[in-house]
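Given chain H's structure and the hints, the job is docking chain A onto it.
These protein sequence lines are chains H and A, in that order.
Counting along the first sequence from 1, when you hit position 228 you're at 228 in my numbering, and nothing is skipped either side.
To convert a position in the second sequence, counted from 1, into my numbering, add 1000.
Hints in this document: simulated from the structure, not taken from any laboratory.
Beta carbons are placed, not taken as given, at the ideal position from N, Cα and C, and that holds for glycine.
Take every hint as true, because none was put in to throw you off.
Below, in silico cross-link-like pairs of lysine to any residue (SDA-like), each with a Cα-Cα straight-line distance of 20 Å or less:
# : chain 1 : residue 1 : chain 2 : residue 2
1 : A       : LYS1133   : H       : GLN232
2 : A       : LYS1108   : H       : ASN349
3 : H       : LYS450    : H       : ASP430
4 : A       : LYS1108   : H       : GLY355
To give an idea of the chain A side of the interface with chain H (calculated C-beta under 7 Å), a few residues:
#  : residue
5  : VAL1005
6  : PHE1012
7  : LEU1016
8  : LEU1018
9  : LEU1040
10 : ASP1044
11 : ARG1059
12 : VAL1070
13 : GLY1071
14 : GLN1073
15 : SER1074
16 : TYR1075
17 : ALA1077
18 : VAL1079
19 : ASN1136
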Amino acid sequence: MFKKILIANRGEIAVRVIRSCRELGILSAAVYSDVDRAGLHVLSADEAYSIGAAAAAESYLNIGKILTVAKRCGADAIHPGYGFLSENAKFAQACANAGIKFIGPTAASMEMMGSKTRARQEMEKAGVPFVPGTSHGLESAQQARDVAAKIGYPVMLKAASGGGGKGMRLVGSEQELQPALEAAQSEAGRAFGDGEVYLEKAILNPRHIEMQVLADEHGNTVYLGERECSIQRRHQKVMEEVPSPLVDAELRRRMGEVAVRVAQAAHYHNAGTVEFLVDPTLEKNFYFLEMNTRLQVEHPVTELVTGLDLVELQIRIAAGEKLPFRQEDILIRGHAIECRIYAEDADNNFFPSPGKIETLMTPAGPGIRLDSGVYAGWTVPIDYDPLLAKLIGYGQDRQQAIARLTRALPEYFVGGIKTNLGLFRRILEDGDFQSGKIDTGYLDRLLAAKVGREDMGVEKSVAAIAAAVFIVLDSTANQTATKPGAAAESSWKRTARTEGLS
Amino acid sequence: MIYDVTIDGTTFRLDLNLDRATGRWRCLVNGRKVELDAVLPLPDVLSILIEGKAWQVRRERLASSLQIWVGDQSYAAEVSDPRSLRNRKARGDAGKGPRHLVAPMPGKVVRFLVEENAAVEAGQGVVVVEAMKMQNEIKSPKKGIVLKLSVSEGAAVNAGDVLAIVE
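Next up, chain H with everything else stripped away, as it sits in the complex (with noise of 0.2 Å):
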């Protein structure tokens, strides 16, 4: 096993995989720029070095900088956490070159999910089903017609270098067909100067699922079941859940055994992820998105309902310790929704909202997990993600999970900058929500909906005493705080000074 591991990552994550290090007593080197110096993570670890400016590339991007710390302090082994460098082959084989073991994949399994064309012919090869369509160009309007038969209406035409929803076209019908085409067409042109389009099958309200692998580097591939992952806003996810309302045993046995297989031709080591869109009509047909290969967000949730510790089983995969259990051990018990809490305004148009946190109050109690990286007193600098904790509620079902996580939520309060925690209540409490009706443009339309709050009198009434009440006693506080010993100044006098009377 491992002496010493770095951790090349910041915020919650890095004090995540610190606490694994601590319960398997692994000393825990952290890394820290110059915004980061009393971050939790360096607060937490046993170890901690500068690697300069607070601009990522200059520090936590920066491969030689870690190496270089990370074979002056010692450490064996080094735990990328997720994004920054955790998916860069480049690092990954600079480890490999140093002697130092990275927690993760190989870099050529790494490179081989990074290019979208080569993943996907290696997983045809495999038998993974993708989304049906023309992976080319279309070279004329009969070869559109041609194709949208046989897979069926609808259908969605899109630019072959295209983005933003540009040279996009819902097609539901032949007749739609040529029109939209040339539509399509033109507006590619114009967009990107490249006219070429695709033709795919339309998934209408599509679910984005993604399933757990862990492999080891003895050839054990296992799957440690789905989260749903479909409540995202602009492609960020802010809830996650598992088991998925959608997916029954059948299913996850299904994708499970496909997510293995994508796994087993990408010769995947360690956690990864497949990510999955899916169908919601009755035949629930599932398409391979992409395979991150790294420790995801949202594992509190899997690890909450299998009882596993998935940072700690990557780092004995990593050590070369074969996986403990085999498939059929694997058993999903209960149900867990996490909940992502980031530095914004949900108020005003989620503008991020970095600052000093003056007062941290947190949740707990049964059932209730928090994966955070703050404090009261911290800064959250304006030069990383906004991501401050994981607010994750467990229970013996769905219905009880939100109930705890509904009951928490009221806990929780961070003050002096403004965070998303309003969001969460409004989802709980919809309707959709808790029928499990959710997809990918789910949030953007519950946020679209007007907010219809019932009369909430005496609790505005009490707001208003409140909103008074703190106004007194801060000019106590400052009365008392700003001048010791000396004579209370006289309020009027103040306010008439600061509205320029004296």
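Same frame as chain H, but now just chain A:
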């Protein structure tokens, strides 16, 4: 002290006094006497007891707004002292005259989307500020002319800094 507090559009007149020697509160809401006790266990966290009922109330303060949380409900709040000159002025100015576009958070000015003296519509993007790996478009609060771009591209700004003025 008299305060006019507006919560989500409803205005309450509060007459609130704290006897600092005894810690006792005297509270009238719209002229009606209310039995009140209040303590501040943590900054921005208030425990108030109103006629036996216990409420935990939290305050979120930002450059631009004040939010009051009662349980898991949040309310936009505005507090004014009806005798204060500044508040009377502020109320009189609402909607008219030049409006300042301020940075809602600390960050870096990536680029301006319009030039000085350009005409803008209400809700049109004026400037892009980057923070936390996200580019955020700051929009014009009103239809008018961009009088001034107050910072330069690439500048670091703090929350509340004026980025541009629209008249």
